[in-house]
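Q: Chains as they are written, first to last, in my numbering: chain A, 59 to 175; chain B, 59 to 175.
Please note that the accuracy of each hint is not assured.
One copy or two, it doesn't matter: identical chains are merged, so the pair holds either way.
[To be verified] 30 Å max Cα-Cα, derived DSSO-like pairs, lysine-lysine:
#, residue 1, residue 2
1, Lys92, Lys143
2, Lys160, Lys72
3, Lys160, Lys92
4, Lys164, Lys92
5, Lys113, Lys164
6, Lys140, Lys164
7, Lys81, Lys164
8, Lys72, Lys164
9, Lys143, Lys160
10, Lys160, Lys81
Don't read these hints as lab results, they were simulated from the structure.
Number of protein chains: 2
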Amino acid sequence: MSVNLHDLSYELQKALRESDEYKNLVAYYDAVNKDESANQLFTNFRDIQVRLQQKQMSGQEISQEEVQQAQKAAALVQQNPKIAKLMQAEQQLSMVIADLNKIIMKPLEELYGPMGS
Amino acid sequence: MSVNLHDLSYELQKALRESDEYKNLVAYYDAVNKDESANQLFTNFRDIQVRLQQKQMSGQEISQEEVQQAQKAAALVQQNPKIAKLMQAEQQLSMVIADLNKIIMKPLEELYGPMGS
Ligand SMILES: [Ca+2]
Ligand SMILES: [Ca+2]
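Put together the whole structure using the sequences plus the hints.
A: Here is the structure:
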């Protein structure tokens with residue numbers, strides 16, 4: 059990698075770390091981690107999500123019971139204000155990162171055409 | 059997105075576009091496009107790859123015949139010097155992009171731990 063690309067990547071890393079979106083995410087992540095019951099709810103929700111995703115990606119059937127379990131876990135986390143804020147912060151940072159990627163990867167899109175076309 | 063993140067992303071886009079790895083890729087991509095037989099071989103190879111990937115992702119069976127067809131197409135493209143250079147250039151740019159992403163996304167890794175752990 060050229061020195062220029064390397065340096066700019068580190069500048070972007072620093073800017074991301076200093077962004078409101080990242081700082082919010084860290085703050086809400088800490089708040090959930092420090093709250094035992096929120097942390098347990100959130101960990102359970104994430105575990106279920108990861109398990110279903112892995113099943114889906116490997117082409118395994120997902121049972122009606124598993125879907126209901128996931129819906130129940132999702133409803134529970136949405137009722138917890140700390141987790142709701144964390145998930146909102148995650149979504150906001152995801153949007154920033156998607157925007158960054160879109161800008162940075164534009165030269166590849168120009169070469170190959172838009173993804174999925 | 060903050061002005062800083064936005065500006066740095068555009069600077070990185072520009073640096074990527076001006077990198078040797080991207081310029082090489084564009085040059086080899088043009089060379090293949092302009093060579094009718096190379097272009098046909100390469101398009102066929104990519105079509106087979108995309109089809110198999112889609113089958114795999116949707117959990118469909120891939121037949122023995124399809125595997126053999128893909129291997130044959132891969133052997134053919136590797137024998138074509140223009141395509142071999144294009145594929146090498148793609149790999150080199152992919153490595154640059156993976157390195158960029160690793161640097162930029164470090165703050166997220168620090169928060170969640172390394173991917174897949
Ligand atoms: Ca700079
Ligand atoms: Ca700048």
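Q: Which numbered hints are broken by the structure, listed smallest first?
A: Those not satisfied: there are none.
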